[in-house]
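Please model the entire structure based on the sequences and the hints provided.
Residue numbers (our numbering), protein chains in the order written: chain A, 1 to 308; chain B, 309 to 523.
None of these hints come from the bench; they were simulated from the model. Quantities reported herein were computed from a predicted structural model and do not represent experimental measurements. Careful: at least some of the hints might be erroneous.
Within a straight-line C-alpha distance of at most 25 angstroms, the following computed SDA-like cross-link-like pairs (lysine to any residue) qualify [to be verified]: (1) A:Lys169 with A:Arg105; (2) B:Lys518 with A:Ala162; (3) A:Lys13 with B:Val352; (4) B:Lys517 with A:Val111; (5) A:Lys13 with B:Ser350; (6) A:Lys269 with B:Arg367; (7) B:Lys518 with B:Val446; (8) A:Lys13 with B:Phe433; (9) A:Lys13 with B:Ser432; (10) A:Lys269 with B:Asn368; (11) A:Lys13 with B:Ala346; (12) B:Lys518 with B:Pro419; (13) A:Lys13 with B:Gly357; (14) B:Lys517 with A:Ile116; (15) A:Lys13 with B:Ser354; (16) A:Lys169 with B:Lys517; (17) A:Lys13 with B:Pro351.
Incomplete in silico selection of chain B near chain A, CB under 7 angstroms [what the hints assert, rightly or not]: (18) Phe358; (19) Asn368; (20) Val381; (21) Leu494.
Cβ coordinates follow ideal geometry from the N, Cα and C atoms, glycine included.
Read off the chains here:
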Amino acid sequence: MSTSVLYDAPGPKARRRSIIFSIIGLAVIVAGIVGLLFILAAPRVTANGASQPGLLDGSRWDIFLDRAVWRTLGDGVLATLRMAAVAAVLAVIIGILFSFGRSARAVWIRVPVAVILEFFRGMPVLLMMLFILLVFGTGTYWAGVAALAIYNGAIIGEALRAGIQSLPKGQREAGLSIGLTPVATRFLIEFPQAFRQMLPIIIAQLVVLLKDTSLAYIVGYSELLRTGVNNLSNFFGNRYFFSLFFVVLVIYLAMNLALSWVARFIARKSGPKLGTLTPGTFLPPGAEGTQAITMVRHADETTPGTTH
Amino acid sequence: MDAVVDNLGLFWTGFLSTLSLLIVSSIGAIVLGVLVAAMRISPVASLRGFATAYTEILRNTPLTLILFFCAFVLPYLEISPGYFPLAVIGLTMYTSPFVAEAIRSGINGIPVGQAEAARSIGMSFGQTVSLVVLPQAVRMVIPPLINVFIALTKNTSVAGGFFVPELFAVAKRVANDRGDAVIMVLLGVAFFYLIITIPLGLLAGRIEKKVAVLR
Chain A
1 MSTSVLYDAP GPKARRRSII FSIIGLAVIV AGIVGLLFIL AAPRVTANGA
51 SQPGLLDGSR WDIFLDRAVW RTLGDGVLAT LRMAAVAAVL AVIIGILFSF
101 GRSARAVWIR VPVAVILEFF RGMPVLLMML FILLVFGTGT YWAGVAALAI
151 YNGAIIGEAL RAGIQSLPKG QREAGLSIGL TPVATRFLIE FPQAFRQMLP
201 IIIAQLVVLL KDTSLAYIVG YSELLRTGVN NLSNFFGNRY FFSLFFVVLV
251 IYLAMNLALS WVARFIARKS GPKLGTLTPG TFLPPGAEGT QAITMVRHAD
301 ETTPGTTH
Chain B
309 MDAVVDNLGL FWTGFLSTLS LLIVSSIGAI VLGVLVAAMR ISPVASLRGF
359 ATAYTEILRN TPLTLILFFC AFVLPYLEIS PGYFPLAVIG LTMYTSPFVA
409 EAIRSGINGI PVGQAEAARS IGMSFGQTVS LVVLPQAVRM VIPPLINVFI
459 ALTKNTSVAG GFFVPELFAV AKRVANDRGD AVIMVLLGVA FFYLIITIPL
509 GLLAGRIEKK VAVLR
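What follows is the structure, given as structure tokens:
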């Protein structure tokens, strides 16, 4: 535990008190979890008075010994990943196009693109999926992919534009002064720097995209949630509903946590380059604002600028 | 066009439902979020660990799964206050860690020098936090918080897939009835979402500029 500027270093009494509170807190949390487990394990009494085994009973979990169940869950994971992967690639491409359009010099390109971007960013992804599904009749898979690609493309486009804008002016001037055309300057000088600078935000947005593939459940695509919970519990019986939901939840968490971890890793790796790229920003001493106030802070827990 | 005009009443009830989902869930999310943020920066290690786990798990769970849990699994566990309250519970739970993170990053954004200055003129912990750190943090937190609520506005549409008759559900229904005017219907619904999200976005931008001048 690092010391905080907010109060003096704790003496023996204060430290003891903090340990006691910590233990009490831990006890409360553990008691809560144990209580929850007891509630789950209690036998269910259905409306007609029949008693069913509790949710932690073996008879509710035995389907997971069946390999076919795991194969079906694997299919669900693949369906989700397939949608996420295609949508991610398209989203980055669309984002790049948007950022060029948004920072174009010609007004007749810039203004309409800005309006379209604002429109896409302000609309729920789900509505966009429904729109594409009903208007273009693409089928649920492509409706999901297209909506996710457009929505996240709009957000990535904004991020890239902000990246281009935050570059020192000298970058563009230098490009122009060695005789590159404005377009070549944008492609060869400005864009690569902006892309690298915004990489953490782009990747964080791709994590959001992976999470959002589950929205396709609502328009009827057979992704992990539908294949895992609806289809399997229809097939094996309703008593497996809770266990199947729990397993699907764990799979989702594992995928998203893994991808978030990769995002943080890349953010940390590309972090130092940020500082060297834009030395123009001067910070007064102490302005970095860090853990001194909140005591514990892992360097880049928050990935800024993402919408979820 | 007439498809929109004919169903304007339906759209309006959907809009009101979306709005009430948004308002109730944001109040819940603020309360829960402040609580989690306080736990996250508290000197008690076990609370800190709990808040971190809560944030990590909820932030990495898709909203669809959370609302699915609220709409199907909670009633299965014999907790069924109706679909609207269940959706509110889900949206509140999902939004609270984002609120907590916004608050925490706002507090983290205060220059250390501010707290040091307050301490060096002899202010106590309570005075430092309430007179120096929090007043500045609140201002810094408002723009990201508004962004969280914009996201929440869009997220309320997911509740439409789980039996809450809000805008998205209305859009689905009307679009099914009027297969000939799908584009107009969906654009009409998009308009209702945009009249919430775009003003909020502009507000966030303005406040951000104002705060930037301060620093």
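Quiz item: Hint by hint, which ones does the structure fall short of?
Solution: none
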